[in-house]
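Colleague: If you're matching them up, the sequences are chains A and B in order. Each residue of the first sequence is one higher than the last, beginning at 1 in the numbering used here. Each residue of the second sequence is one higher than the last, beginning at 1 in the numbering used here.
Among these hints, one or two may not hold up.
Unchecked claim - Per the computed footprint, the stretches of chain B lying under chain A, defined by three or more beta-carbons under 8 Å from a beta-carbon of chain A, are:
{"id": "1", "region": "23-32"}
{"id": "2", "region": "220-233"}
{"id": "3", "region": "259-273"}
What the hints assert, rightly or not - Listing some non-contacts, in silico: residues in chain A with all C-beta distances to chain B over 12 Å:
{"id": "4", "residue": "32"}
{"id": "5", "residue": "37"}
{"id": "6", "residue": "90"}
{"id": "7", "residue": "143"}
{"id": "8", "residue": "145"}
{"id": "9", "residue": "153"}
{"id": "10", "residue": "180"}
{"id": "11", "residue": "184"}
{"id": "12", "residue": "213"}
{"id": "13", "residue": "281"}
Unchecked claim - Derived, one-sided and incomplete: chain B residues facing chain A with beta-carbon distance under 8 Å:
{"id": "14", "residue": "93"}
{"id": "15", "residue": "108"}
{"id": "16", "residue": "112"}
{"id": "17", "residue": "115"}
{"id": "18", "residue": "119"}
{"id": "19", "residue": "277"}
These are computed hints drawn from the structure, not numbers from a lab. This one's a predicted model, so the numbers in the text were calculated from it and none came from an experiment. Just so you know, even glycine gets a beta-carbon here, dropped at the ideal spot from N, CA and C.
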Amino acid sequence: MQNTQVIVERGGRHGGAALVAGGALIAIAASLPFWGESSWMREFVQIACYFIFAMMWNLMAGYGGMVSIGQQAFFGIGGYVMLALGNFADINPFVAIPIGALVAGLVALPVSYVAFRLQGGYFAIGTWVISEVFRLSISNISAVGGGSGTTLTALRGIEKATRESVTYWMALVCVVASVALVYLFLRSKRGLALLAIRDNEVAAESQGIPVRRMKLAVYAVAAFGAGLAGALYFVGNLRISPDAAFSVNWTAFAIFMVVIGGLGRIEGPLVGAILFWALNKFLSDYGTWYLLGLGMLAILVTIFFKQGLWGYAQSRWGWTLFPTQRRLIENT
Amino acid sequence: MIETIVQGLLLGGLYTLFALGQSLMFGVMRLTNTAQGDFIVLGAFAAIAGISVLGLPVGWALAAVLPAAFGFGYLLQRYVLNGTLGRDPLPSLVVTFGLSIVIQNLLLELFSADPRSIETGGLASEGFAVTDSFSLGVLPLMILTVAIAATASLQWLFTRTAIGRSFRAVSDDREIAELMGLQSAKVYALATAIAFVLISIAGILQGMRTTVSPADGPLLLLFAFEAVIIGGMGSFWGTLSGAMILGVAQQIGFRADPGWGIWFGHLVFLVVLVVRPQGLFPKTRG
Numbered sequence: 001m002q003n004t005q006v007i008v009e010r011g012g013r014h015g016g017a018a019l020v021a022g023g024a025l026i027a028i029a030a031s032l033p034f035w036g037e038s039s040w041m042r043e044f045v046q047i048a049c050y051f052i053f054a055m056m057w058n059l060m061a062g063y064g065g066m067v068s069i070g071q072q073a074f075f076g077i078g079g080y081v082m083l084a085l086g087n088f089a090d091i092n093p094f095v096a097i098p099i100g101a102l103v104a105g106l107v108a109l110p111v112s113y114v115a116f117r118l119q120g121g122y123f124a125i126g127t128w129v130i131s132e133v134f135r136l137s138i139s140n141i142s143a144v145g146g147g148s149g150t151t152l153t154a155l156r157g158i159e160k161a162t163r164e165s166v167t168y169w170m171a172l173v174c175v176v177a178s179v180a181l182v183y184l185f186l187r188s189k190r191g192l193a194l195l196a197i198r199d200n201e202v203a204a205e206s207q208g209i210p211v212r213r214m215k216l217a218v219y220a221v222a223a224f225g226a227g228l229a230g231a232l233y234f235v236g237n238l239r240i241s242p243d244a245a246f247s248v249n250w251t252a253f254a255i256f257m258v259v260i261g262g263l264g265r266i267e268g269p270l271v272g273a274i275l276f277w278a279l280n281k282f283l284s285d286y287g288t289w290y291l292l293g294l295g296m297l298a299i300l301v302t303i304f305f306k307q308g309l310w311g312y313a314q315s316r317w318g319w320t321l322f323p324t325q326r327r328l329i330e331n332t
Numbered sequence: 001m002i003e004t005i006v007q008g009l010l011l012g013g014l015y016t017l018f019a020l021g022q023s024l025m026f027g028v029m030r031l032t033n034t035a036q037g038d039f040i041v042l043g044a045f046a047a048i049a050g051i052s053v054l055g056l057p058v059g060w061a062l063a064a065v066l067p068a069a070f071g072f073g074y075l076l077q078r079y080v081l082n083g084t085l086g087r088d089p090l091p092s093l094v095v096t097f098g099l100s101i102v103i104q105n106l107l108l109e110l111f112s113a114d115p116r117s118i119e120t121g122g123l124a125s126e127g128f129a130v131t132d133s134f135s136l137g138v139l140p141l142m143i144l145t146v147a148i149a150a151t152a153s154l155q156w157l158f159t160r161t162a163i164g165r166s167f168r169a170v171s172d173d174r175e176i177a178e179l180m181g182l183q184s185a186k187v188y189a190l191a192t193a194i195a196f197v198l199i200s201i202a203g204i205l206q207g208m209r210t211t212v213s214p215a216d217g218p219l220l221l222l223f224a225f226e227a228v229i230i231g232g233m234g235s236f237w238g239t240l241s242g243a244m245i246l247g248v249a250q251q252i253g254f255r256a257d258p259g260w261g262i263w264f265g266h267l268v269f270l271v272v273l274v275v276r277p278q279g280l281f282p283k284t285r286g
């Protein structure tokens with residue numbers, strides 16, 4: 001028997017530079033309220049919500065192997081909890097954002113008990129049914145305006161400029177925090193276990209990885225993130241309705257962003273969100289044709305271009321912004 | 001109360017037709033078609049277009065849609081969906097979900113968001129009076145008959161014919177079936193073609209019984225899916241009973257409060273899922 005010495009290498013060639021550039025970018029972004037226009041801030045808040053939501057979908061589908069069409073359930077729960085706390089419990093909505101996310105994460109635990117009875121494609125549609133149950137239930141609660149929705153009144157006393165700046169900073173913090181959360185999670189021992197589960201569930205279980213518990217953890221974290229995005233979105237939007245909050249479009253756009261950007265890599269939803277923002281900005285006037293094009297693009301990329309844009313860049317040039325993989329190099 | 005249950009069973013007939021195609025496609029190739037509901041709506045609109053745009057007589061338009069659906073399903077599976085099959089459910093889900101968005105927006109562009117229905121020459125309003133206050137519609141009874149006939153033929157096709165044997169063979173073990181000379185790509189395409197005939201029948205009957213609009217698809221998909229899961233996998237009679245249970249549950253819910261009918265149907269589905277995840281009448285083919 002010959003033992004080969006190996007060393008584990010992490011990170012790519014550009015990892016350090018990316019970190020510095022990212023830090024600088026965040027610093028510049030943080031100062032935006034002092035020099036930017038308020039429409040830019042609103043746009044950023046919106047795209048931040050899409051991005052956080054897509055990243056959480058990516059965590060579930062790309063790493064946990066769970067394809068869900070029902071993540072809008074947690075988006076809506078986050079939004080409604082934030083609104084209820086603000087309007088009825090006099091809690092500052094900005095403080096209520098993380099609470100809404102937390103509640104969404106907690107709700108995921110009992111929900112998983114039902115959802116995890118289904119696998120694969122049936123899991124996807126089952127989660128959609130569950131999200132419809134939440135939508136119909138909220139539609140029948142008159143305290144939050146039933147089917148036609150209601151307005152977030154708790155922010156009424158706050159001046160518009162202050163409100164917009166704080167919402168913007170909140171969004172920036174949420175984006176940075178959720179990227180950091182997912183990155184550190186994936187780099188930890190648990191992240192490695194998650195990759196093992198994605199590649200082969202049975203083999204992972206035989207190596208002592210608690211598959212069920214790991215999947216539950218991912219599901220709860222993804223629900224927390226979706227709730228965060230929802231609470232943030234409706235603080236920026238000020239108006240909520242069950243059809244908007246529990247719309248399947250949230251998940252549809254998340255799928256689009258992740259598939260186009262590249263599944264199972266943190267950079268994927270980032271690239272996807274930027275592309276989605278650009279398409280939305282310039283082409284959304286075309287209405288149905290625009291949506292039709294998004295659907296076609298998702299189909300074509302899935303069939304012919306499985307790795308997505310960032311996957312292509314990574315395999316071609318070895319780009320990595322968030323090095324989560326481990327490479328074994330023979331030590332000679 | 002009896003009236004509610006009878007209406008529920010009649011509604012279940014329609015849901016059976018929604019669900020059979022889903023049951024067939026999942027049974028043969030483990031493919032979850034998330035555009036199922038949108039294809040049902042597409043079938044109805046194809047018939048409507050045949051009648052109003054091409055000016056065909058109603059009967060001819062309906063007769064033309066079925067072979068068209070067969071061909072469409074065959075080509076879709078052979079050249080698009082076969083490439084997405086595999087251990088990973090993601091590609092087939094994304095592709096069918098993308099198709100769902102494409103179909104919805106295409107129909108919206110072509111037909112606007114208005115609900116439409118297929119002209120039945122008064123058939124939809126005919127009925128027999130059972131008691132003074134309770135009458136049975138002719139069309140719902142016809143739908144139920146079609147549903148039972150479709151279930152019986154599908155079951156017969158699966159258990160008694162060479163085509164059914166090839167379906168079961170590729171479902172049980174694709175590689176061994178290929179070693180025995182079956183071409184799984186073609187078998188899959190045939191299964192989807194048959195599923196699409198059922199889907200278009202469902203769409204036409206839905207369009208005759210009530211209205212269809214481009215955004216209806218997702219809800220129909222959820223009903224189809226719930227019927228399949230409640231009934232249990234592996235048996236088309238199971239799917240039929242699942243659809244009946246769902247129909248009755250929704251009718252009871254609607255009777256209690258119109259706002260909670262569909263909600264109650266979803267709830268019954270979730271309860272079945274928790275109590276009996278394998279479905280009520282599973283019959284896994286060994």
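Colleague: Confirm or reject each hint.
Modeller: Hints, one by one, checked against the model:
| no. | hint | result |
| --- | --- | --- |
| 1 | 23-32 | holds (count 4) |
| 2 | 220-233 | holds (count 5) |
| 3 | 259-273 | holds (count 9) |
| 4 | 32 | holds (33 Å) |
| 5 | 37 | holds (32 Å) |
| 6 | 90 | holds (30 Å) |
| 7 | 143 | holds (15 Å) |
| 8 | 145 | holds (14 Å) |
| 9 | 153 | holds (25 Å) |
| 10 | 180 | holds (26 Å) |
| 11 | 184 | holds (25 Å) |
| 12 | 213 | holds (19 Å) |
| 13 | 281 | holds (19 Å) |
| 14 | 93 | holds (5 Å) |
| 15 | 108 | holds (5 Å) |
| 16 | 112 | violated (10 Å) |
| 17 | 115 | violated (17 Å) |
| 18 | 119 | violated (26 Å) |
| 19 | 277 | holds (4 Å) |
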